[in-house]
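Participant: So you can see what is in the structure, the chains are spelled out below.
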Amino acid sequence: MKKNKAFLFLLPGLVFLFLFMIIPIVLIIRSTFSDQGQISFNGYMEFFKNKYFIQILINTLKVSLLTTLLCIVISLPVAYYIAKLHGRIKSVLIGLSVFPLLTSAIVRSFSWMIILGKKGLLNELLLNLHLIKEPLNLLYTPTSMIIGLVHLFLPLMIISLVGVMENISDDLVQAAESLGASRFVAFRKIIFPLCVPGLIIGSILVFVGSLTAYTTPALLGGKEQVISVYLYQNAMTLNDWHTASSVATIMVAVTFTIVGLMNLAANKLNSRG
Amino acid sequence: MSLLSLNDVSVAYGPNTILKDLNLTVEKGELLSLLGPSGCGKTTTLRLIAGFLQAKTGQFLFNAKDYTRLPINKRHFGFVFQNYALFPHLTVFDNIAFGLRLRKMDKKTIEKKIKAILQVVNLTGFEKRFPAELSGGQRQRVAIARALVIEPDLLLFDEPLSNLDANLRVTMREEIRRIQQELGITAIYVSHDQEECFSISDKVAILNHGMIEQIDQPKKIYRYPKSEFVAQFIGFKNFITCSKRANDGNDVVFSTAHGQFRTTPNADVQSETSLKLAIRPDDIELCAPADAKTAGENFLTGQIQLSTFLGKAYQYKVLTPLGVFHVNCGSETEPLAVGTTIHLFFPMDKLVNVD
Ligand SMILES: Nc1ncnc2c1ncn2[C@@H]1O[C@H](COP(=O)(O)OP(=O)(O)OP(=O)(O)O)[C@@H](O)[C@H]1O
Ligand SMILES: [Mg+2]
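Residue numbers (the UniProt record's numbering), protein chains in the order written: chain A, 1 to 273; chain B, 1 to 355.
Don't read these hints as lab results, they were simulated from the structure.
Result set (DSSO-like, lysine-lysine): computed pairs, CA atoms no more than 27 Å apart in a straight line:
| id | chain 1 | residue 1 | chain 2 | residue 2 |
| --- | --- | --- | --- | --- |
| 1 | A | K268 | B | K107 |
| 2 | B | K74 | B | K56 |
| 3 | B | K312 | B | K219 |
| 4 | B | K276 | B | K350 |
| 5 | B | K203 | B | K237 |
| 6 | B | K276 | B | K220 |
| 7 | B | K104 | B | K65 |
| 8 | B | K112 | B | K128 |
| 9 | A | K84 | B | K74 |
| 10 | A | K189 | B | K104 |
| 11 | B | K20 | B | K220 |
| 12 | B | K237 | B | K350 |
| 13 | A | K62 | A | K268 |
| 14 | B | K317 | B | K237 |
| 15 | A | K189 | B | K108 |
| 16 | A | K268 | B | K128 |
| 17 | A | K189 | B | K128 |
| 18 | B | K74 | B | K107 |
| 19 | A | K189 | B | K74 |
| 20 | A | K189 | B | K115 |
| 21 | B | K113 | B | K128 |
| 22 | A | K84 | B | K56 |
| 23 | A | K49 | A | K223 |
| 24 | A | K189 | B | K112 |
| 25 | B | K74 | B | K28 |
| 26 | B | K108 | B | K128 |
| 27 | B | K74 | B | K20 |
| 28 | A | K189 | B | K113 |
| 29 | A | K133 | A | K223 |
| 30 | B | K312 | B | K350 |
| 31 | B | K28 | B | K113 |
| 32 | A | K189 | B | K107 |
| 33 | B | K220 | B | K203 |
Kindly generate the complete structure, drawing on both the sequences and the hints.
Facilitator: Written as structure tokens, this is what we have:
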């Protein structure tokens, strides 16, 4: 088939995206720059003067960043282990690691409530072991929110890393070792740099996912709000669509900035080969 | 005392024993080749020496020290991989510097050493390139430089030339030999190309199913293969199974139902009862029926069944009462037609008794 004809196959998808995604986003963004029919930046000016909002924005970025870092640290060894396996056990382990994505966010969050609550499993255990005297305040804090988010997004990081690690030949590690590197040094100097592409993709997925996640922060986070919950409250509870739209626009802008920065970093660190 | 010795080493992958009670010694400054068909355990032997694999039983001594359980990074051996295994994210310079930096050398020394080694492998000016920006031959030389620059106690090559074209292969093998001799490095070289092994080695070990069939100088193996397997592997295509042997002065005379064959004894053949003779297609001569040089011995008559043009020669498949023989004849003369009756002469000094 000719190349220019093959382009037609893209059409249904493009039309769908254009009608139901591009247009609404453009409409929302446009609405935030107008005040009674006139172009204005007042909405945004007010936002960035608002200490409360800035605090939420910083909170959100902090939570997303921590979630991403935790996912990286946990995923690296797990992904390396899985990537070196073969056959059925590998599929089983990949299946298991994807499992959190397949369960409902609400069910997942409720299970964490049972575990992390004042009278939850974890506190009971620690109390019984006499490791703590008072029950810890875990639920409805940034900690519980991050735990929930890491649980949710770990699979994305693992899968991205397994993807790149599978293609790193064992010979490279052995070559490094024969040149005098210990296992750990070989991992740090050879495997890790070669994982960067997967690391970037995984980080983008996890970071953007955490930034925009709603259910998990809403159920597990306490008074310390994140931006998606704030957006929801403005739109649904306060019925303030103008503010909600501005928040949405800011989220889109932040997301694009982060993705852009990460791509930049990827190009800098990118391995040749 | 040899520099390296493997004593009764066995290696197994799960239930499959790959190496059985292998014994091997290498002297200092020597280049030993491991030659054998695919799957015979050459790579396994090399990986065992490098430490990538653990022996199930047996002992590996190096410089009179027990290396059997020594970790890879403590062995100080250089390994050149079949696929080079260059680090794709590092430049030529950084690839070669990898081992030096781990040895905590200062920048000046590292730069000096790399400059020197790049000169040895003829790659000066390529420091800033990435492996993906090099040709196969250049990558291979980087791999050698990376292994050499740490001045290893032993250099291991796993079919380093198998991905290169025929011409480059010849140039590179001469290069490897030159570098090895120039620096006086002890090396073990794996290949399944017999010409390659014979041309660069001090000693060749022929492997078959994880066991060494014969280990000797190339010219001795070439002339006196010990067993039928070795003979077959290095190009003896013709075998005669005899029924009786008898000593006649310094010679041995073998009898068959269709004539006698005289040859000198093969010192490497162990059994005094071996009844097998081998000869290369190039070494059989055509002769007239009542030629004086045959004296009624080392002589067979047969019909040409098939004629193949090999370039430098015609190869005839000749059916004789003792079976099929392959004979090469110079391509200057007109080829003989299929069906022609010809007489084959087996020169005594080319006919070898094998196990
Ligand atoms: N990781 C492994 N697991 C199981 N069996 C293996 C493994 N690696 C090699 N083998 C088996 O061990 C035997 C020897 O393999 P080895 O790689 O040493 O052969 P080789 O002589 O290097 O062959 P080639 O010339 O094809 O490279 C083969 O029969 C192979 O199937
Ligand atoms: Mg091999």
